[in-house]
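A.B. asks: Sequence:
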Amino acid sequence: MVKDKKTKPSKELPLGFVDRKEKELLIRDFVISNIKEVMIKYGFQYLETPSFEYTDSIGKFLPDKERPDSGVFSFKDENKWISLRYDLTAPLARYVAKNYLEIPKPFKRYQLGSVWRNEKPGPGRFREFLQFDADYVGTKNLQADAELCVLISEILEKCGLDKKDYTVKISSRKLTDKLFEKLKITSKDQVSTTLRALDKIDRLGWEEAKKLLGEGRKDKSGDYTKGAKLSNDQIKKIETTLQGKIPDSEDISEILEIFKAYNFKNYKFDPSVIRGLEYYTGPIFEVNLNFQIKNLKGQTIQFGSIGGGGRYDNLVSNFGNLDCPATGISIGLDRLVFALMQKKDFKIKSTRPVIICVFDKDKIKEYVGILNKLRALNISSEIYPGEGKLKKQMEYANKLGSPAVILYGDNEIKSGKVTLKNLESGNESSIKIEELANEIKKLL
RNA sequence: GCAGCAGUAGCUCAGUUGGUUAGAGCACUAGUUUGUGGAACUAGGGGUCGGUGGUUCGAAUCCACCCUGCUGUACCA
Numbered sequence: 007m008v009k010d011k012k013t014k015p016s017k018e019l020p021l022g023f024v025d026r027k028e029k030e031l032l033i034r035d036f037v038i039s040n041i042k043e044v045m046i047k048y049g050f051q052y053l054e055t056p057s058f059e060y061t062d063s064i065g066k067f068l069p070d071k072e073r074p075d076s077g078v079f080s081f082k083d084e085n086k087w088i089s090l091r092y093d094l095t096a097p098l099a100r101y102v103a104k105n106y107l108e109i110p111k112p113f114k115r116y117q118l119g120s121v122w123r124n125e126k127p128g129p130g131r132f133r134e135f136l137q138f139d140a141d142y143v144g145t146k147n148l149q150a151d152a153e154l155c156v157l158i159s160e161i162l163e164k165c166g167l168d169k170k171d172y173t174v175k176i177s178s179r180k181l182t183d184k185l186f187e188k189l190k191i192t193s194k195d196q197v198s199t200t201l202r203a204l205d206k207i208d209r210l211g212w213e214e215a216k217k218l219l220g221e222g223r224k225d226k227s228g229d230y231t232k233g234a235k236l237s238n239d240q241i242k243k244i245e246t247t248l249q250g251k252i253p254d255s256e257d258i259s260e261i262l263e264i265f266k267a268y269n270f271k272n273y274k275f276d277p278s279v280i281r282g283l284e285y286y287t288g289p290i291f292e293v294n295l296n297f298q299i300k301n302l303k304g305q306t307i308q309f310g311s312i313g314g315g316g317r318y319d320n321l322v323s324n325f326g327n328l329d330c331p332a333t334g335i336s337i338g339l340d341r342l343v344f345a346l347m348q349k350k351d352f353k354i355k356s357t358r359p360v361i362i363c364v365f366d367k368d369k370i371k372e373y374v375g376i377l378n379k380l381r382a383l384n385i386s387s388e389i390y391p392g393e394g395k396l397k398k399q400m401e402y403a404n405k406l407g408s409p410a411v412i413l414y415g416d417n418e419i420k421s422g423k424v425t426l427k428n429l430e431s432g433n434e435s436s437i438k439i440e441e442l443a444n445e446i447k448k449l450l
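Under the working numbering, the first residue of the first sequence carries the number 7, and numbering increases by one thereafter.
Quick caveat, the hints were computed from the structure, so don't treat them as lab data.
Among these hints, one or two may not hold up.
Claimed, not checked - The calculated lysine to aspartate or glutamate pairs, modelled on DMTMM-like cross-linking and capped at a C-alpha distance of 25 Å, are: (1) 111 <-> 134; (2) 114 <-> 35; (3) 146 <-> 125; (4) 274 <-> 208.
All chains, full assembly: derive it from the sequences and hints.
C.D. replies: And the structure:
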């Protein structure tokens with residue numbers, strides 16, 4: 007006895023992967039078209055690199071490891087490990103190193119593409135998502151860093167956000183480096199724990215973050231996280247230094263000067279911005295939304311940043327003896343789209359076709375005649391593609407969200423006119439075939 | 001990874017000391033209307049009650065383990 011039910015394939019998706027429907031995709035297209043416009047305006051080149059890279063090219067092989075770390079999706083191809091990229095920055099560094107002699111320096115490129123992360127998904131975070139990256143490669147000039155902030159903000163506003171809806175936070179890795187040196191926080195472990203604790207200030211607040219700098223912290227689910235075990239004296243000094251409103255870092259002051267020249271004001275100096283631990287070497291930025299985000303159940307969730315970046319002057323040199331400073335910024339597009347859908351009531355133009363109802367299969371010639379006239383004018387339209395009575399056809403059109411149906415049965419054929427029914431108002435009008443397209447355009 | 005909560009129809013959920021063929025609303029299908037959707041009425045389909053094992057005459061209900069989801073936390077190169 008074989009139970010065939012057990013052999014049926016699962017209709018569930020792997021953890022962290024999602025289907026995306028038309029509404030979201032259309033808003034994403036809208037965002038992407040804004041991005042492209044801005045990037046062209048700012049003089050960036052469009053680039054695409056493949057989804058897979060050799061695992062060691064994207065920095066996944068640590069000296070003492072033979073297998074890729076968890077965090078990337080990998081498999082062994084012949085004898086080499088390859089992985090799905092986890093960001094667009096490492097592939098860019100690889101691309102620059104590979105094509106160093108051909109590309110103009112500085113090199114400005116932007117890229118849109120999916121990236122994959124093999125880790126636990128969170129609210130609004132998936133294991134496959136679309137990222138946008140803009141980078142300046144081959145320049146130490148901080149105008150590049152400043153312009154990235156300006157450009158990201160232009161993109162956000164073009165997508166419909168107000169100035170009060172977002173903030174570009176800026177800090178510098180040099181600031182914390184200097185501070186830690188002064189406080190003699192030198193062990194690698196302590197430095198990274200401290201940085202991570204500081205990274206959480208804006209989410210947890212100073213009081214909670216201080217626990218992480220000291221002994222440790224118990225979160226509201228009861229889980230306990232070990233702290234950096236700094237002395238009270240060190241903690242106090244960190245607090246007073248980082249709460250100072252005046253940036254004690256030359257690169258930040260310089261960027262702020264450039265912001266003035268651009269008349270860019272929607273930034274905030276925030277020393278708690280840390281961003282990843284490894285490759286940043288100078289200014290770092292993070293883009294945060296200032297409005298609440300809810301999940302599909304209507305609960306307000308911790309949304310985090312929608313993008314960020316910074317200067318990584320040593321990344322390209324990993325691939326060879328190239329002295330090639332660089333700086334870049336990226337946006338998580340799907341998260342931005344998710345947030346935008348809550349903020350703005352997007353009026354996405356209907357893409358649903360007008361339906362030509364079928365009364366009689368033998369009249370196909372008449373129906374196609376009307377269809378061709380509409381499609382010649384780029385009006386989305388179709389002859390009812392199913393089988394069934396008029397009622398069923400109306401239900402189909404309604405559920406689809408069609409703007410209108412066209413009725414062309416015996417009565418209409420006799421009178422030489424068609425009936426156009428507006429599905430929103432329910433009104434029907436009898437019009438000449440030659441005027442049909444114009445009437446429909448009024449509805450769209 | 002750690003912690004809290006939760007898994008009953010496509011969806012939202014009810015099912016209160018364990019007791020016949022497991023329910024509701026919405027959705028779906030058909031009809032009332034052989035040329036009219038979004039309203040109403042009638043009828044109907046659809047569930048190994050997350051899984052496995054155990055306790056019991058009997059389990060959606062009790063016990064154990066596992067799986068999955070949500071949220072928080074950690075990690076996020």
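A.B. asks: Where does the structure disagree with the numbered hints, that is, which hint numbers, in rising order?
C.D. replies: Violated hints: 1 and 3; rest satisfied.
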